[in-house]
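A.B. asks: Residues per chain, in single letters:
Protein chains: 2
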Amino acid sequence: MIRSISESPLYPIVNPKSIAFFGASNTFMRMGSIMLSSLQALGFEGEIFPIHPTEKVVRGLAAYTTIMDVPKVPDLAVIVLPTEIVCQTLDDCGKKGIRHAIVVSGGFREAGPEGALLQKELEAIARRHDIRFLGPNCLGVANLHLKLNPTPIKADCPAGFVGLASQSGSFITQMFNYLHRHGMGFSTALSVGNEASIDIVDCLEYLGACPDTKVITLYIEGINRGNKFVEIAKAITPRKPIVALYVGGSETGKQAGLSHTGSLSGPNEIYDGIFKQCGIIRARTLTELFDYALALGTLPRPAGNRVVVQTHSGGPGATAADSCGRSGLSLPRLSPETVEKLKPLIPKTASTANPVDMTFSKNPAEDFFSIPDILLQDKQTDMLLAYFVSPGIFIERILGEMGIEEDLVALETDKLSIDYAEKFFSLTRLHPDKPIVGFTYRSLQEKMIRTLLDRGIPVYQDPERAVRAMAAVWKYYEKRESMKADAA
Amino acid sequence: MIRSISESPLYPIVNPKSIAFFGASNTFMRMGSIMLSSLQALGFEGEIFPIHPTEKVVRGLAAYTTIMDVPKVPDLAVIVLPTEIVCQTLDDCGKKGIRHAIVVSGGFREAGPEGALLQKELEAIARRHDIRFLGPNCLGVANLHLKLNPTPIKADCPAGFVGLASQSGSFITQMFNYLHRHGMGFSTALSVGNEASIDIVDCLEYLGACPDTKVITLYIEGINRGNKFVEIAKAITPRKPIVALYVGGSETGKQAGLSHTGSLSGPNEIYDGIFKQCGIIRARTLTELFDYALALGTLPRPAGNRVVVQTHSGGPGATAADSCGRSGLSLPRLSPETVEKLKPLIPKTASTANPVDMTFSKNPAEDFFSIPDILLQDKQTDMLLAYFVSPGIFIERILGEMGIEEDLVALETDKLSIDYAEKFFSLTRLHPDKPIVGFTYRSLQEKMIRTLLDRGIPVYQDPERAVRAMAAVWKYYEKRESMKADAA
Numbered sequence: 001m002i003r004s005i006s007e008s009p010l011y012p013i014v015n016p017k018s019i020a021f022f023g024a025s026n027t028f029m030r031m032g033s034i035m036l037s038s039l040q041a042l043g044f045e046g047e048i049f050p051i052h053p054t055e056k057v058v059r060g061l062a063a064y065t066t067i068m069d070v071p072k073v074p075d076l077a078v079i080v081l082p083t084e085i086v087c088q089t090l091d092d093c094g095k096k097g098i099r100h101a102i103v104v105s106g107g108f109r110e111a112g113p114e115g116a117l118l119q120k121e122l123e124a125i126a127r128r129h130d131i132r133f134l135g136p137n138c139l140g141v142a143n144l145h146l147k148l149n150p151t152p153i154k155a156d157c158p159a160g161f162v163g164l165a166s167q168s169g170s171f172i173t174q175m176f177n178y179l180h181r182h183g184m185g186f187s188t189a190l191s192v193g194n195e196a197s198i199d200i201v202d203c204l205e206y207l208g209a210c211p212d213t214k215v216i217t218l219y220i221e222g223i224n225r226g227n228k229f230v231e232i233a234k235a236i237t238p239r240k241p242i243v244a245l246y247v248g249g250s251e252t253g254k255q256a257g258l259s260h261t262g263s264l265s266g267p268n269e270i271y272d273g274i275f276k277q278c279g280i281i282r283a284r285t286l287t288e289l290f291d292y293a294l295a296l297g298t299l300p301r302p303a304g305n306r307v308v309v310q311t312h313s314g315g316p317g318a319t320a321a322d323s324c325g326r327s328g329l330s331l332p333r334l335s336p337e338t339v340e341k342l343k344p345l346i347p348k349t350a351s352t353a354n355p356v357d358m359t360f361s362k363n364p365a366e367d368f369f370s371i372p373d374i375l376l377q378d379k380q381t382d383m384l385l386a387y388f389v390s391p392g393i394f395i396e397r398i399l400g401e402m403g404i405e406e407d408l409v410a411l412e413t414d415k416l417s418i419d420y421a422e423k424f425f426s427l428t429r430l431h432p433d434k435p436i437v438g439f440t441y442r443s444l445q446e447k448m449i450r451t452l453l454d455r456g457i458p459v460y461q462d463p464e465r466a467v468r469a470m471a472a473v474w475k476y477y478e479k480r481e482s483m484k485a486d487a488a
Numbered sequence: 001m002i003r004s005i006s007e008s009p010l011y012p013i014v015n016p017k018s019i020a021f022f023g024a025s026n027t028f029m030r031m032g033s034i035m036l037s038s039l040q041a042l043g044f045e046g047e048i049f050p051i052h053p054t055e056k057v058v059r060g061l062a063a064y065t066t067i068m069d070v071p072k073v074p075d076l077a078v079i080v081l082p083t084e085i086v087c088q089t090l091d092d093c094g095k096k097g098i099r100h101a102i103v104v105s106g107g108f109r110e111a112g113p114e115g116a117l118l119q120k121e122l123e124a125i126a127r128r129h130d131i132r133f134l135g136p137n138c139l140g141v142a143n144l145h146l147k148l149n150p151t152p153i154k155a156d157c158p159a160g161f162v163g164l165a166s167q168s169g170s171f172i173t174q175m176f177n178y179l180h181r182h183g184m185g186f187s188t189a190l191s192v193g194n195e196a197s198i199d200i201v202d203c204l205e206y207l208g209a210c211p212d213t214k215v216i217t218l219y220i221e222g223i224n225r226g227n228k229f230v231e232i233a234k235a236i237t238p239r240k241p242i243v244a245l246y247v248g249g250s251e252t253g254k255q256a257g258l259s260h261t262g263s264l265s266g267p268n269e270i271y272d273g274i275f276k277q278c279g280i281i282r283a284r285t286l287t288e289l290f291d292y293a294l295a296l297g298t299l300p301r302p303a304g305n306r307v308v309v310q311t312h313s314g315g316p317g318a319t320a321a322d323s324c325g326r327s328g329l330s331l332p333r334l335s336p337e338t339v340e341k342l343k344p345l346i347p348k349t350a351s352t353a354n355p356v357d358m359t360f361s362k363n364p365a366e367d368f369f370s371i372p373d374i375l376l377q378d379k380q381t382d383m384l385l386a387y388f389v390s391p392g393i394f395i396e397r398i399l400g401e402m403g404i405e406e407d408l409v410a411l412e413t414d415k416l417s418i419d420y421a422e423k424f425f426s427l428t429r430l431h432p433d434k435p436i437v438g439f440t441y442r443s444l445q446e447k448m449i450r451t452l453l454d455r456g457i458p459v460y461q462d463p464e465r466a467v468r469a470m471a472a473v474w475k476y477y478e479k480r481e482s483m484k485a486d487a488a
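Same order as they appear, the protein sequences are chains B and R.
When the first sequence is numbered by our numbering, its final residue is 488 and no position is left out of the sequence of numbers.
When the second sequence is numbered by our numbering, its final residue is 488 and no position is left out of the sequence of numbers.
In isolation and in its complexed conformation, chain B is listed as follows:
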């Protein structure tokens, strides 16, 4: 187990100051050119040395005919070349003194016996030069905190706290936008490809030590170094949550994985056992992987599994309660003191059972502060789950009815929506030990919800997703405590 992030062979790959780039040209429709353009678009501040046999300038950067011509030894080589010349190129890099690389090119083990032989050759060259590399057949890395994104899709989103180590490159480059829409961002995302030199276990170790990463997510088709995986994971989960999606378990998933990266998969139950043993939370789908990551990265440790559901609509409340039952979360009765405190703020028709159903808002401002504040003060409450109908649509209508101009209505609606969101957010400071989560059927991009997401309050599009994520947080900490007790 590494003690510091800089001990990891991944450190210079994830934090390079200078990059030799093979395979980019001024022909845009080549993969290499596309990847270099993403890197430039995000504003990477290090040096980039394109290597090209004929072009003198590549995408505005001075290009070099061979790696030997580059005036310094770059920290990292990114290789996006035809399979046939990859081995020679890595050898050249080694001769130059480069010790870290990303081999994006495919056509190796995943392509059959001939490719497997070629991969052996690549591995031998790397060993000879003491090179550690990601790939081949991968998309490399995105370290958004360093504005490093040499992947095919531009990162149109801020950096965040989600680390990802993935046996699929797609889940790195294709999820930037998804994560942002759902209130997250990557810290560092790693695509391991065929894992010829650096594997998913190395990535896990790196992310465990990465200070920008609050939650580690894993997309797994098969793990080769099982013992090491368990050792590293066990060392990480007591201080940082790990969520894993394993798709090799079903017969169909296994076949798909085999043709994808050629990795070995095992029965579902074996992976289930390994994950449990390590305190890893298992997700069944990609949606769940990131739903859990959002909750684990933003919520404090709950004292228990007791949830109070706040709603002004019966159906969404009942649905949330049903989800709690299914996920092993309980709905405590409110204390008589809490009910007394609520009474002046809620309509006569309201229910002070749990779900607390206000039926309608006497004063919308109370919904976002006073009422949830009272609910969170209750000693029976470990977590709060609040249902949001977009207040925007109500504000808009009232202002419209008042005869206010359309532009001004939009402006004022946004202002009030942000104001409500900020009030709600302030509850996290008043109740720092109680997870606060929302759900809505409106778009997450509406002003109020978006503000909550940007502030770090998880809001989900379905109570089931919210509740499963809350249960994952509770179970993570429960398991962590039991692992600590076992170790003591």
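Be a bit skeptical, because a hint or two may be false.
Same chains, same label: a pair holds when it works inside one copy or across any pair of copies.
No more than 20 angstroms apart at the CA atoms, straight line, and that leaves these computed lysine to aspartate or glutamate pairs for DMTMM-like [as the list claims (entries may be wrong)]:
(1) 154 with 405
(2) 343 with 269
(3) 348 with 114
(4) 72 with 366
(5) 415 with 446
(6) 447 with 156
These are calculated hints, taken from the structure and not from any lab test.
Here the structure of chain B is known, so what remains is to put chain R in place on it, guided by the hints.
C.D. replies: Structure of chain R alone, referenced to chain B:
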């Protein structure tokens, strides 16, 4: 069982030509005013007679001091008044000759023993005048095909094919926007409230006969007329799918339902059994309820459960395959002829196993027509599931690189995206017997996906959701056939 929709007591409630509206005024912040404003906003073309004790004009409409003053007998009375005067008002309506009503007001059975007595009185008045009504404690009805929406939230979306009968009013008025974002719309949505006169079984019967409704969705907290429900459902499912969400099964869900509408719930297993017996598809969450509705309302009957997954990214393909395995769908091998036909269109690195992973697009236009067309021609293929990375982001970059102006880039990108979507959509005409479904991690509102949704191709935000919906379609038709065989 009714033979024609007009035999249903709901017919005049869902299709009124004239409405007496109680409880709206020129004070906007009253529930009645808000509901009348929604009705006006959607452009209801029938007559509306607001009844108000003092105001002569309500929201621009001539108002009447009492119902007796109205110059004709309206088809429907909508009552949004304080609890205390509801009984008297319904009695007045009866005297006027009105035979159908929606009682929105709460404070009846759901409010405790006193409210229960009041509800008995209301029922007696209705019986005396031969009145059938929805509610009390409901939000009534939205019939978007008739521009009828007297619910608190404006319908910002077109009409569609989803019928809903709900024991929660929220799921009617709060889901307009949700359904539209996901590619659907309501035909008719009914909120039953306390079911004093018309219950969810009557609604089911109505929706079964409603020609605009292609799929029926039910939100159930508890059913009282169990035998009748089974009889009606069994008569409907052989020709129209029913999807049901039941939340009364868990202890927490049961309690929530009780305080919501005071309805009786029973153990989960009993409802499971009833649903199975009737050929009703059960959804576990609201997301699933409408995911299934989208697939059942748009897809043809598949000949079997064999899915071909088309992707250009390994991870999303493997994840989709894993979901298929979990949902009982199989992934057949492609025939040698299909593989031969594909070869010229796909890169050397592509996998012609299933998932068919192109790894990248040689020509994006082929991804949306020729390749899926070949896959659908294969006799082994019963259904196609295609993964969409938004082509928009690639087109945008290429046009940007070509030095084209930003505005023009956006315009051309939209044009090409629509073009791809139309090509893909044309496959449904070439292969009318094979369900075609998509999934993406991009926003459903991006041009290409939005166009597909508007054309009636279901696209989901996760392969798991897509696959579960496809499995629901397959199971629905399997069950339907077995029920027909049993009946024969």
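A.B. asks: State for each hint whether it applies.
C.D. replies: Going down the list of hints, with the structure as the test:
Taking the shortest Cα distances, residue 154 and residue 405 sit within 20 angstroms of each other only across copies (19 angstroms), while inside one copy they are farther apart (38 angstroms). Taking the shortest Cα distances, residue 343 and residue 269 never come within 20 angstroms of each other, neither inside one copy (51 angstroms) nor across copies (38 angstroms). Taking identical chains as interchangeable, the C-alpha atoms of residue 348 and residue 114 lie at most 20 angstroms apart only when they sit on different chains, with a minimum of 14 angstroms there against 76 angstroms within one chain. When the C-alpha separation of residue 72 and residue 366 is checked against a cutoff of 20 angstroms, the pair qualifies neither within a copy, at 63 angstroms, nor between copies, at 44 angstroms.
Proximity of residue 415 to residue 446 under the C-alpha cut-off of 20 angstroms is restricted to the intra-copy arrangement: shortest distance 12 angstroms within a copy versus 27 angstroms between copies. For the homomeric pair residue 447 and residue 156, the shortest alpha-carbon distances inside one copy (19 angstroms) and between copies (18 angstroms) are both at most 20 angstroms.
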